[in-house]
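Protein chains in written order, with our numbering: chain A, 196 to 514; chain B, 650 to 951.
The hints are simulated quantities; they were obtained by calculation from the structure and are not laboratory data.
Careful, some of the hints might be misleading.
What the hints assert, rightly or not - Chain B is faced by these chain A residues, among others (derived, beta-carbon under 8 angstroms):
1. W307
2. L319
3. L332
4. L335
5. R347
6. T491
Claimed, not checked - Pulled a few chain B residues facing chain A out of the computed Cβ check, cut under 10 angstroms:
7. V693
8. W703
9. I741
10. Y768
11. L769
12. V778
13. F859
14. A890
15. G901
16. L915
Keep in mind that this is a model prediction, so the values were computed, not measured.
The C-beta atom is built at its ideal place from N, Cα and C for all residues, glycine as well.
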Amino acid sequence: MTAVLDPARGAAAPRAGRRGGRRRQSPFPYVLLAPILVFEVVFVVYPIIRGILLSFHQTSFGVTKYVGLAQYRQMWHDPVFWSSVRTTFEFTFVMTAVWISLGLAVAMLMNWSFPGRGFVRAILAIPWAVPDIPVVLTFLIMLDPNFGILNRFAAFIPGVNHHIQWLSAPNLAFIAIIIMVGWKGFPFFSLILLSSLQTIPDELYEAAKVDGAGPVRRFRSITLPALRPTLGLLGVLGFIFSFQQFSLIYLSTGGGPGTDTSTLAITIYNQAFEFFNYNYASAIAVVGLLIAVAGTVVYIVVQRRVASVRGLEGVNAAL
Amino acid sequence: MAAEVTPVTARPPVRSPVSPPTRRRRSLRRKATSWLRGAIIVIVCVVALFPVYWMVLTTFQPAQDSITYPPDLLPHGIQFGTITSLFANNPIASWLLHSLTASAICVAVTLIFSVPGAYLLSRLRWHGVGAFGFLLLFTQLMPGAMIVVPELQFFRQLHWTNNLLALGVLYAAFNVPLGCWILKSSFDSVPSEVIDASLVDGCGRIRVLFRVLLPLSKPGLVAVGIVAFFGSWNDYLFAAAFLTNQSLYTAGLGISTFITDQTIKLDQLEAAGVVFALLPILLYLTVQRHVVRGLTAGAIKG
Numbered sequence: 196m197t198a199v200l201d202p203a204r205g206a207a208a209p210r211a212g213r214r215g216g217r218r219r220q221s222p223f224p225y226v227l228l229a230p231i232l233v234f235e236v237v238f239v240v241y242p243i244i245r246g247i248l249l250s251f252h253q254t255s256f257g258v259t260k261y262v263g264l265a266q267y268r269q270m271w272h273d274p275v276f277w278s279s280v281r282t283t284f285e286f287t288f289v290m291t292a293v294w295i296s297l298g299l300a301v302a303m304l305m306n307w308s309f310p311g312r313g314f315v316r317a318i319l320a321i322p323w324a325v326p327d328i329p330v331v332l333t334f335l336i337m338l339d340p341n342f343g344i345l346n347r348f349a350a351f352i353p354g355v356n357h358h359i360q361w362l363s364a365p366n367l368a369f370i371a372i373i374i375m376v377g378w379k380g381f382p383f384f385s386l387i388l389l390s391s392l393q394t395i396p397d398e399l400y401e402a403a404k405v406d407g408a409g410p411v412r413r414f415r416s417i418t419l420p421a422l423r424p425t426l427g428l429l430g431v432l433g434f435i436f437s438f439q440q441f442s443l444i445y446l447s448t449g450g451g452p453g454t455d456t457s458t459l460a461i462t463i464y465n466q467a468f469e470f471f472n473y474n475y476a477s478a479i480a481v482v483g484l485l486i487a488v489a490g491t492v493v494y495i496v497v498q499r500r501v502a503s504v505r506g507l508e509g510v511n512a513a514l
Numbered sequence: 650m651a652a653e654v655t656p657v658t659a660r661p662p663v664r665s666p667v668s669p670p671t672r673r674r675r676s677l678r679r680k681a682t683s684w685l686r687g688a689i690i691v692i693v694c695v696v697a698l699f700p701v702y703w704m705v706l707t708t709f710q711p712a713q714d715s716i717t718y719p720p721d722l723l724p725h726g727i728q729f730g731t732i733t734s735l736f737a738n739n740p741i742a743s744w745l746l747h748s749l750t751a752s753a754i755c756v757a758v759t760l761i762f763s764v765p766g767a768y769l770l771s772r773l774r775w776h777g778v779g780a781f782g783f784l785l786l787f788t789q790l791m792p793g794a795m796i797v798v799p800e801l802q803f804f805r806q807l808h809w810t811n812n813l814l815a816l817g818v819l820y821a822a823f824n825v826p827l828g829c830w831i832l833k834s835s836f837d838s839v840p841s842e843v844i845d846a847s848l849v850d851g852c853g854r855i856r857v858l859f860r861v862l863l864p865l866s867k868p869g870l871v872a873v874g875i876v877a878f879f880g881s882w883n884d885y886l887f888a889a890a891f892l893t894n895q896s897l898y899t900a901g902l903g904i905s906t907f908i909t910d911q912t913i914k915l916d917q918l919e920a921a922g923v924v925f926a927l928l929p930i931l932l933y934l935t936v937q938r939h940v941v942r943g944l945t946a947g948a949i950k951g
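Bound-form chain B, shown alone:
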């Protein structure tokens, strides 16, 4: 803003100093600009969050309002009947528990493998780091649909289908690469002096990892956990292929069966969506600082 004024006031007295009416016009213009900006930001937020609002609205407004035409933008009341009947008529609670189980396994296994992986990428010197980086990157970028068929045959052979533990471990295999990159950037940001000092103190490589790097990388570890959780909570493809036993359905798979089920009403469908999205959104909002920092800080060297 100040920049707009500088050229004018700094202009040598070729013309007389800015007259009062011009100044008033300028400040009016500035006010108009900032109002306009505010309006644009509000409009963008409203449009961007509208689908989320609609989901919440459909869940909590009286059920008949969701199936009137034309639909109204504002609710005519609040009720919780949709949510309670959703839980009463469907095994949502146990589906959520299954999703939590698979996700917890995924998070744990991802963390266990990401720590040595990140150490290898960040602080150790060895032959083959380039090939290792390529393997990780490729695993991360490859679409799941390209691998689901042979993966299913492999798991059938091992009798690991219909097994939440095996599913969680498989999710981890797809999330370890990302975990390695995130943690690597955390490890890279630990100052070399700190590591030098502990080397002088006679710490070994393992001790440097556990006593120096890991305690200083808590935000990175949180980010890895979150990303692994999102990755497994979000999955539909592998759950749909591997879980044929309905009593083992994860929430994503169970709720997706509503889409083709004509007996499920629209408001119930949305309520299921709200229930499923609640945990990731809350998790994101609590740790968004960590995640955003983890995502936009650090280093990459393939």
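Chain A extracted, bound-state conformation:
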């Protein structure tokens, strides 16, 4: 019995499997595993395999034939593919930086003690609870060239056009997307960073003050080093989250103007559902899957190193 059910195995115990090594295994875990494994294999793993197979075929006029690496060769010479790779990395990089800096700023604010802190913390997380479609709708209206409130603020800056076409001007569309996705995603980062900030003992700051360290120095010498593991993990998560973005971008710009905001996810969708080229879309998706696998591996590696840090244990559950 205890060989299988191990009450000692809580948060702090080492990983199972290895330790249970040579003992006789009870079938119970596998009985429990079977349904969930079948479920995930049927709905996730099997379609992934189908997608990989699709990328080696070409269907035209109802006839499907094996074409080997032809889709990949086409991809290699396709400027649209390469531009979407570049856009993806630009977007994930900028987005991660924005999320982490916004999240850190807000987390440090929340770390002050003031009356109504719990309330402020709760309402500042609201953007995270707003679904994608209302986010797109409200930003479309705020960014509207004719009636948008943002152009009213922009008009205060001398020499600025009063009717900025936020979502159809090159570069501006990218910035608009960053603002929108940044707004929706920052509360997650600030909540995680706040729980990390709260593990830094006050005595450290007090001692630094006695030694005459100013706020900037205290931030650089105490806060940043203490947060470094969390920041590393959030860096990986920021990449993964921004790599996953689809509906916010698709519904606001559709990847445009041109291919300015067309990340891999958008390119795949457009190839599949605008040009109905399922095979080519699948080949691009295989590249995306490889990037996702790499992201998962990096996440596991970083998280293993960080898991011992207090206040961070739940990050995985928070995805």
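Mind docking chain B on chain A? Use the hints.
Frame of chain A, contents of chain B only:
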């Protein structure tokens, strides 16, 4: 705050004790700091919640105010005509019902599969737990756009497109991994002594799960339900690919068709957004303690 004073008062009498004017200046400074902090917090809240305010404002102010330039920051009155005409002219109610159906299925199926999954990750010892963890994590981190094409072909083959039940089950497949991790952290936080005691009492593994772990993991179960609900309510990608029959549209899909529809006015667009966001926001505000705890407490071991 006290820390600022300590070094000064603790300083040995090298200099004379702090003179009254200095003390007054210091307390003034402290007051100024706390006012400044308050101001910063208020500004941050206003900026962060502005898009939500704008959504609500556009919905409830007189319709013509939404299409004047320059727009005003404060409403000139309140009306509910936008909302009522939105419901009267569009099948919003049935779209919401479809979304609720798919979400309810997703929540139920996610809970059913997350419980054994979390038990496997948390309290049982077996070979392959690492590979299982990787599979779950990968499923969770993979962008939906990478899989939507083969998934659509698969569902077409089974004649499961235009089927809310099938859509809800698919959402569950993407939410089970997250559910497993959240519940695992709940299970991990149950003290070992409690489980030891029930083992001594002769409970089997199934009974330990149902009699001990689950009753002690209610916040975790709530968090899993919420996350699964958000995941399915939020979806656009799979609904857009799988539902071609307009009479089956989910709210997200239906409302998104407004974006390209030139006949829909701006205020109607925002009203639809408010209606769609209302349920998740209310749900979040009622259970935010649970969710935040579920998100920031627990344990991970891949």
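Each hint, compared with the structure:
Here the hint on A:W307 is kept, as its CB sits about 6 angstroms from the closest CB of chain B, short of 8 angstroms. At its closest, the beta carbon of A:L319 sits 6 angstroms from a beta carbon of chain B; the interface hint therefore holds under the 8 angstroms criterion. A least Cβ separation of about 4 angstroms between A:L332 and chain B falls short of the 8 angstroms threshold, and the interface hint therefore holds. Nearest Cβ of chain B to the Cβ of A:L335: about 7 angstroms, under the 8 angstroms cut. The hint holds.
For A:R347, the interface hint holds, since its Cβ comes within 8 angstroms of a Cβ in chain B; the closest pair sits about 5 angstroms apart. With 8 angstroms as the threshold, the beta carbon of A:T491 comes within range of chain B, its nearest partner Cβ sitting at about 5 angstroms, so the hint holds. Evaluation of the B:V693 hint against chain A yields a held restraint, the C-beta minimum of about 6 angstroms falling below 10 angstroms. At a threshold of 10 angstroms, the smallest CB-CB gap from B:W703 to chain A is about 6 angstroms, leaving the interface hint in force.
Violation of the interface hint for B:I741 is found here, the shortest Cβ-Cβ separation to chain A being roughly 13 angstroms, above the 10 angstroms cut-off. Interface restraint check: B:Y768 against chain A, minimum CB-CB distance 6 angstroms, threshold 10 angstroms, status holds. For B:L769, the shortest C-beta to C-beta distance to chain A is roughly 6 angstroms, which falls under 10 angstroms, so the interface hint holds. A least Cβ separation of about 5 angstroms between B:V778 and chain A falls short of the 10 angstroms threshold, and the interface hint therefore holds.
Look at B:F859: its Cβ only gets to about 13 angstroms from chain A, farther than 10 angstroms, so that hint breaks. Taking 10 angstroms as the C-beta cut-off, the interface hint given for B:A890 holds, the closest approach to chain A being about 7 angstroms. Of the supplied interface hints, the one on B:G901 holds, with its beta-carbon coming within about 5 angstroms of a beta-carbon of chain A, less than 10 angstroms. The interface hint given for B:L915 holds, since its Cβ lies 6 angstroms from the closest Cβ of chain A, which is under the 10 angstroms cut-off.
In summary, the numbered hints that this structure violates are 9 and 13.
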